[in-house]
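Protein chains in written order, with our numbering: chain A, 1 to 115; chain B, 116 to 229.
Calculated from the structure, these hints are not laboratory results.
There could be a bad hint or two in this list.
To be verified - Pairwise CB distance ranges, derived in the manner of DEER restraints:
1) E44(A) / E157(B): 14 to 24 Å
2) Y154(B) / A2(A): 41 to 51 Å
3) G193(B) / G72(A): 40 to 50 Å
4) L96(A) / G144(B): 47 to 57 Å
Using N, Cα and C, we set each Cβ at its ideal position, and we do this for glycine too.
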Amino acid sequence: EAGVVQSPRYKIIEKKQPVAFWCNPISGHNTLYWYLQNLGQGPELLIRYENEEAVDDSQLPKDRFSAERLKGVDSTLKIQPAELGDSAVYLCASSLVGANTGELFFGEGSRLTVL
Amino acid sequence: GNSVTQMEGPVTLSEEAFLTINCTYTATGYPSLFWYVQYPGEGLQLLLKATKADDKGSNKGFEATYRKETTSFHLEKGSVQVSDSAVYFCALSGGNTGFQKLVFGTGTRLLVSP
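Between the sequences and the hints, there should be enough to build the whole structure, so can you do that?
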């Protein structure tokens with residue numbers, strides 16, 4: 001079974017440029033998460049989807065960040081414009097709704113460097 | 116709100132040494148507790164979990180016991196291997212943030228030398 005797939009793995013951009021990250025969750029997983037991981041820190045939740053509905057986006061900086069999950073499968077996280085402080089790893093994870101097990105399946109992450 | 120505190124790393128050990136990585140938590144209610152591991156170049160993966168007080172989670176020789184009285188969930192392994200070198204994250208869910216939201220600690224890097 002394929003795991004969570006993210007792309008690109010690495011991205012280097014100049015500040016003020018836009019950037020987008022894509023995530024394909026495990027087949028059948030209704031819940032999708034985007035986490036931000038700064039260097040030397042643990043992941044922090046940006047947004048959680050149940051199917052196509054964003055049920056927790058309280059930590060998403062909505063002035064420059066946006067996300068969508070069309071058709072309740074793939075998801076895209078966008079930053080526009082990027083700032084130097086956005087340099088980090090962006091993690092996507094998925095899980096089964098209602099499982100309440102706390103087991104999230106993570107992708108390898110997309111590492112963003114803003115120059 | 117909920118939070119997790121881990122010991123800072125890196126933790127450097129020789130092969131076959133005993134490992135302890137400390138983790139304490141703050142949460143209301145009765146959270147579930149987890150250890151996730153991130154091997155070099157890979158995504159985070161669940162190592163073990165415990166969902167109620169006094170439960171012991173175990174996997175791959177690692178163990179952790181949910182201690183409500185000390186609000187701790189320390190990770191232990193009796194004999195580490197070079198292949199255990201990774202970053203270990205303690206996490207919780209539940210309490211006042213719901214079971215679908217994981218709150219992570221800052222991670223502890225383990226380096227095991229031959």
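Exercise. Quick check: which numbered hints come out false for this structure?
Worked result: 2 and 4
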